[in-house]
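All chains, please: the whole structure from these sequences, using the hints.
Numbering follows UniProt numbering, with no gaps: position 39 of the sequence shown is 39.
These are calculated hints, taken from the structure and not from any lab test.
Hints may contain errors.
[Claimed, not checked] Distance condition first, Cα-Cα at most 35 Å in a straight line; then the derived DSBU-like pairs of lysine-lysine:
id, residue 1, residue 2
1, K3, K60
2, K64, K3
3, K68, K4
4, K4, K67
5, K11, K60
6, K70, K11
7, K3, K70
8, K4, K60
9, K68, K11
10, K68, K3
11, K70, K60
12, K4, K70
13, K11, K67
14, K3, K67
15, K4, K64
16, K11, K64
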Amino acid sequence: MSKKWQTFTIKYPYFSILVVAIVASCIGIAVEYLVNRDFLSGGFWVTFISILGQWAIVRKRITKNRKKEKSGK
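Here it is as structure tokens:
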């Protein structure tokens with residue numbers, strides 16, 4: 001399963017960020033509801049900021065790889 005996930009993240013880097021964010025949000029919402037019987041909408045801002053941070057990291061990595069490929073040719 002780990003090998004499949006690595007292949008997926010290489011092939012679809014931006015979509016993999018959304019998959020991780022959705023799964024993590026569902027787990028976080030479920031735990032929050034089970035523990036406190038409450039739903040806090042403020043958690044969406046944390047998720048949004050995390051997605052933006054990961055998006056920037058992936059974009060930087062893709063740009064770096066493209067530059068490396070161009071210089072190698």
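Q) Does the structure break any of the earlier hints, and which numbers would those be? A) No hint contradicted; all consistent.
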